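Mind docking chain B on chain A? Use the hints.
Protein chains in written order, with the numbering used here: chain A, 1 to 300; chain B, 1 to 300.
No wet-lab data here; the hints were simulated from the structure. Keep in mind the model is a prediction, meaning the values are calculated, not measured. Do not rely on the hints blindly, as some may be mistaken.
To be verified - For lysine-lysine, the following BS3-like pairs were computed, each having C-alpha atoms within a straight-line distance of at most 25 Å:
(1) B:K76 / A:K20
(2) B:K55 / B:K20
(3) A:K105 / A:K76
(4) A:K107 / A:K76
(5) B:K20 / A:K180
(6) B:K105 / B:K76
What the hints assert, rightly or not - Which bits of chain A does chain B cover? Going by a derived footprint, with three or more residues having C-beta under 8 Å, they are:
(7) 86-93
(8) 169-183
Stated by the list, open to error - FRET-style restraints, in silico, Cβ to Cβ:
(9) A:E83 / B:L148: 27 to 37 Å
(10) A:R295 / B:M146: 27 to 37 Å
(11) B:G90 / A:R295: 26 to 36 Å
(12) A:V139 / B:D87: 32 to 42 Å
(13) B:R295 / A:N147: 29 to 39 Å
(14) A:S162 / B:T298: 25 to 35 Å
(15) B:A54 / A:E288: 57 to 67 Å
(16) A:T298 / B:G23: 37 to 47 Å
(17) B:G102 / A:T298: 41 to 51 Å
(18) B:G64 / A:E159: 52 to 62 Å
(19) A:T298 / B:D87: 27 to 37 Å
(20) B:A292 / A:K105: 38 to 48 Å
(21) A:A291 / B:R72: 47 to 57 Å
Think of the CB as a built atom: it goes at the ideal place given N, C-alpha and C, for glycine as much as any other residue.
Protein chains: 2
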Amino acid sequence: MSLLCVGSIALDDIETPFGKMDGVLGGSAVYFSLAARFFTDVRVAGIVGRDFPAKHLDGLAARGIDVSEVERSEGKTFRWSGEYLGDMSGATTRAVELGVFGEWKPKLTPRQRSASHVFLANSSPRTQAAALDQMESPVFTAADTMNLWIERDRAGLLELLSRVDCLFINDGEARMLASKSSLVSCGREIVGMGPSTVIIKKGEHGSIMFDGGRILPLPAFPAADVVDPTGAGDSFAGGFVGFASGAGRPSPESAARSLGYATVTASFTVSRFGTGGLDGLSRAEIDERYAAFRRMFTGL
Amino acid sequence: MSLLCVGSIALDDIETPFGKMDGVLGGSAVYFSLAARFFTDVRVAGIVGRDFPAKHLDGLAARGIDVSEVERSEGKTFRWSGEYLGDMSGATTRAVELGVFGEWKPKLTPRQRSASHVFLANSSPRTQAAALDQMESPVFTAADTMNLWIERDRAGLLELLSRVDCLFINDGEARMLASKSSLVSCGREIVGMGPSTVIIKKGEHGSIMFDGGRILPLPAFPAADVVDPTGAGDSFAGGFVGFASGAGRPSPESAARSLGYATVTASFTVSRFGTGGLDGLSRAEIDERYAAFRRMFTGL
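Bound-form chain A, shown alone (with noise of 0.2 Å):
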């Protein structure tokens, strides 16, 4: 089993209440592949400009994720600027510069084609089905997305969603998507959309998986340390497709799991500034802070 994720790899300029941070490795294919390395072989296909630095690249090659194909342009990196404020429920973007990541027409190589397992994060659901159609025959296929999408791409994106297996989407979008109050009967519509798994990402309030008939809440890990939620929602998604690649082929009983991982792989990223809460981590913390997690609704 391998799994490709496609999507940007960008440097970001952070601040919360709790410092600040300019020019920091950041993007949704990095904090995905950072999470989803505990658990499979992590292939990543997108783009930098010539002002990305080469340490970096090096830094993930080190972590166990192949960045060898990704590609290098004349122009400049995907860059995003963005503040928290407050309880850091929601980020307020401040810029974002696309870069050669906004003309970005992936080609996946021979490699990244044949991956049983693909994530396509965030972008255009057109450059997300351009990734799709190039996969030779993928076990499970899931994608995230975002209100843009859904505003001024409503048809991309729902004729991407009759392709996926899997969708990440936030409860606010959720709700856009499906023009429901109840998440629940959100969750349900967007099922009925295409993706046989659903899974709707509240932020500091965990999240909840539709997986065919099954509905699975989950509280977010409870950690006393929160300082930047940069990259939770990626960092999740990876938890989530890395564990379920790890797995073999989907199950019910691998969802559930996959879920669980998802949220606590998720908590370490949230605990550090950037990419800090996941570049140093080991498998091992992870699958003790799991048990930690699991042994929590002991009683119940």
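Just chain B now, with coordinates in the frame of chain A:
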């Protein structure tokens, strides 16, 4: 084991996106006892005005709740008028008329004083303390509070917290009381103020229980049909303290299960207008939903 609830009995005017009802039975003590009655012997200490329809007390009595010692006084019954908008995450209070509840000084009867468990529903900390003073030898004491008292009588509230075993508080209020952004840090800080059990209520996002050193986060029961959140918090508390009372002396094991029953019981409350979700409910329906709730976590 027996449970005394000290709190408001009200007439409510409620409007939500799903409908509107005027002058319906409400109040903290009503929702609490309608939930707690499934698990234990419940007595209510409260006060109503001359305008209060006799049928309401008869209805509570018919459901096994001891309202025989509820006081009746000249003046008007407590009246709350409120509205829930959009996703119904919070109520907008249009009007509050305290009526006879405003000046009420609880004078407990011998039967009320002898209860093993007591719940002090939201009212001024001084009123709550006055009731607590009269209890003979309670095994378990719990209280609810609100932002108003954190702002206006913090000293009185802290004094009360040093005397109760359990506090119910919503997430926004927990952040006001503890001045932390992380709910986990807030919960731990409030445990340090006295109650060995602190339960932070998060509405549609569930709850987090701090029970001694243990933390248990639980999602809400994922129900599709949410039409009126009125009374959700009080019936949640009723499920918790009611189940705990029925289970005898408090223990870490019964605390987890109490939280589960609280969660499930509150999910029935929000499924109908006013007390409609609790009125015709049976213990068998609660047990069935509790079993379904537990099953959701299978495979984790």
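CA of K107 (chain A) to CA of K76 (chain A), is that 25 Å or under? Holds, at about 19 Å.
Is the distance from the Cβ of R295 (chain B) to the Cβ of N147 (chain A) consistent with 29 to 39 Å? holds (34 Å)
Holds or violated: 32 to 42 Å for the Cβ distance of V139 (chain A) and D87 (chain B)? holds (36 Å)
Look at the Cβ atoms of E83 (chain A) and L148 (chain B) and judge whether their distance stays inside 27 to 37 Å. holds (32 Å)
Outcome of range test on Cβ distance (A54 (chain B), E288 (chain A); 57 to 67 Å): holds (60 Å)
Take the C-beta atom of G64 (chain B) and the C-beta atom of E159 (chain A), compute their distance, and say whether it sits inside 52 to 62 Å. Check passed, 57 Å falls within 52 to 62 Å.
With respect to the beta-carbon atoms only, verify the hint that R295 (chain A) and M146 (chain B) lie 27 to 37 Å apart. Because 33 Å falls inside the window, the suggested range holds.
Within 25 Å, alpha carbon to alpha carbon, are K20 (chain B) and K180 (chain A)? Distance ~20 Å between K20 (chain B) and K180 (chain A) Cα, so the pair holds.
Proposed proximity, K76 (chain A) with K105 (chain A) (alpha carbon, max 25 Å): holds (16 Å)
Examine the stretch 86-93 of chain A: at least three residues should have C-beta closer than 8 Å to a C-beta of chain B. Per the Cβ count (3), the hint holds.
Has the hinted range 26 to 36 Å been met by the Cβ atoms of G90 (chain B) and R295 (chain A)? holds (33 Å)
In this structure, is the beta-carbon distance linking T298 (chain A) and G23 (chain B) contained in 37 to 47 Å? The hinted range 37 to 47 Å holds for T298 (chain A) and G23 (chain B), with Cβ atoms some 45 Å apart.
Hint check: a violation occurs at hint 1 only; the rest are consistent with the structure.
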